[in-house]
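Participant: What follows is the residue order along each chain.
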Amino acid sequence: MRKRVFNQIILIVMAFIISACNNVSSSNSTEYQVIEKYVSNAISEDGVVVTPFNTTISLTMYNSKDTNEYFPLFEEEVLKLHKYFDRYNYYQDNTGKRISNLKVINDSYGTNEEILINDELYDLLNLSLEMTKLTKGYFNPTLGGLIDLWSDKFFLIPLENTDPDNDLITEALKCSASKENIDEVIVLNPIKKSVIFNKIDGCNGKVIISLGAIAKGYAMEKAKSLVKDVPSLIDGGRSSLIATGTNPNPNRDTWNLAILTPYTAINLGVLAIKGELTFSTSGDYEKCFYIINDDGSLTIRHHILNPSTGYSENYYRSISLLSDGNAGVIDALSTALFNVNDIDIIDEIVKNVEDYYLLDIEFLFEKEIIIDGKKMIDVIVNENFWNLIVADSISSVVNIVNILE
Amino acid sequence: MDISLRKNKTDLFIVIIAAILVVFFVAINLFYSNSKDNIISVYYDNEIVHTMYLNIDEEYIMDKEEFPLLLDRMVIEVKQGRVRIKEEESPKHYCSIMGYQSQKGTSIICAPNSVMIIIEGYEDTGIDWTPGGAA
Amino acid sequence: MTTKMVVRYGFFLALSVILSYIEYLVEIPILFPGAKLGLANAVGLLVLYYFGIKYFSMFGVLRVVLSAILWTGFGINFFISLSGTILATITTILIAKHTNASIYGISISGAILHGLGQVIMVAILYQTLYMLTYVVFLTISGVITGYLMALIVANLICRMPKIVS
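Residue numbers (the working numbering), protein chains in the order written: chain A, 1 to 405; chain B, 1 to 135; chain C, 1 to 165.
Just so you know, the hints here were simulated from the structure itself, not pulled from any lab data. Built from N, CA and C at the ideal position, the CB exists for glycine as well. Please note that the accuracy of each hint is not assured.
Stated by the list, open to error - These stretches of chain A come out as covered by chain B in the derived footprint (C-beta under 8 angstroms, 3 or more residues):
#1 47 to 60
#2 155 to 162
#3 249 to 262
Modelling step: build the complete structure from the supplied sequences, incorporating the hints.
Facilitator: As structure tokens, then:
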């Protein structure tokens, strides 16, 4: 009697365990899940492990079937482009031969050597030259030397530091091209797909091409073509975003993006957009440090440098751009506009870019204002952009909203 | 009530049943934890080096010898359904300030040490993307 | 229910509450935090032996409620304790009534299931099932303390005069 009861209980318990087993393991591979995968690291010629674009690039898809099908191709493309656009490392191709990437081009500065490059690098350089002119020089791909003076000082949270020596900055500026002469400095041959990197008179050191402000967006755009047929989010460094398709979330059909303020854990609002989008946001609080002025006040120095002055500007705390395409252009534009205070010039530049690339671009600028000792945000924004923000998500820290038509 | 004061065979039987019930509960736990919802992925230098579970308390110690990119020893702790960086070295202890996280889909990014801790899974907060502070 | 029984029952209840309080104050970490000796449960076993199932059935719950009124409050911990006590009480009654297990088996299984009841309530309240390792240790400590309490109770019963009707 006892043994029988015992056995019955064992059987029931086993049945439970086995059925629990079955319920969990057979998950429908096309039901809604959020799967984000990060692109892994590249290995340089010297065996050094290099993070692509010095940040995290990820692809989010909404079922495991899509992820398994698309992520490997996505990752391969991103890594390949990273190697070509990297100015710090050399890489080899499958045959062990060094590829002609940006570092190789920078090495050839002033040597008159004609470097044959691949389609994407050529395309990116060409885009950089175009953007330099369209943004009236506020975007500049030849600031490598200047950037190197500042980059070690920045951190993810503001720590105190000092500016680089002003003389060094002046020298570095001499070693950068202007919008007038850049086509003669970086000479592209569209038929041979080659580049010659010419000397700049007045530069005692080397001119260094740095594509950091545009390469990531460009790579994301290229990778987008691999996944454009399925819903996905391509994230670049948690500051640039491409969304493809419509949000498959069962609870909503818009992509909801948070817009940050410089204040921790406070969102400015939530942007709700149906369908494909390209979004970029930059702020002075992402990579920065602060200096203490003579009068004791603090000034933030951040990673977006004005090509004319060699210093960063403090007109805005943050800029967000929304567009229907071309993440490379948007990345570069976001950098350029950070240095422009005059709203007419901003309008002009944005229109130049819109017309040239057949894009629709909306912007939102955040300026800080202190009212009664409290930090608040004044917003300058295009009407269309503001209308896409969910009304009751707008933070109380928003003071004035200047809506431009 | 008449209860025997001497140990007998039924005792063992009963205790085993009780233990089986506990095992049953643990089994449910284990199966549930293997679904995507409780997995914590620890990334070092953009690669997953360790997997932890929100429902299994654990302290994962990373030494500079094994992980040279670290500024110093790092300890990641899972306790009572939450995860945090317990010990780490970075300017102003930037990474451990975040404290305990437990929501699925959130991450703790400790860039100075090249470490990311991501709670896998998804909790619909109404937001599909939030900008962050990665380099 | 005679007056005598009410008084004696009250005595045991009070004793159980006090022992519970002492354990809370002293908090002897037997194997690790949270595990208790279960002295209050030992008193419950005595009640089961001397008063029978009916009186025993409410005993655990009354003890937890009284403790809550007196010092713990009716917060999360109250529900956790209550859950453990209820599960232990129900299973103890089933075992005592339908099997011939001795005080040892009853005490040990009671201790194990008390722990399990607590863990289940935590899982429900916190929406997580995080106490995996905790469960294992709770069970092991349950076996040990259950045995100890049974030992104590068995010896007490031998040495105490017959006190119930």
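Participant: Does the stretch 47 to 60 of chain A contain three or more residues whose Cβ lies closer than 8 angstroms to a Cβ of chain B?
Facilitator: Coverage by chain B holds here, the residue count being 5 at a Cβ distance below 8 angstroms.
Participant: Are there three or more residues in the stretch 249 to 262 of chain A whose C-beta lies closer than 8 angstroms to some C-beta of chain B?
Facilitator: holds (count 9)
Participant: Checking C-beta pairs, does the stretch 155 to 162 of chain A have three or more residues closer than 8 angstroms to chain B?
Facilitator: Check passed, 4 qualifying residues.
Of the hints listed earlier, there is not a single one the structure fails to meet.
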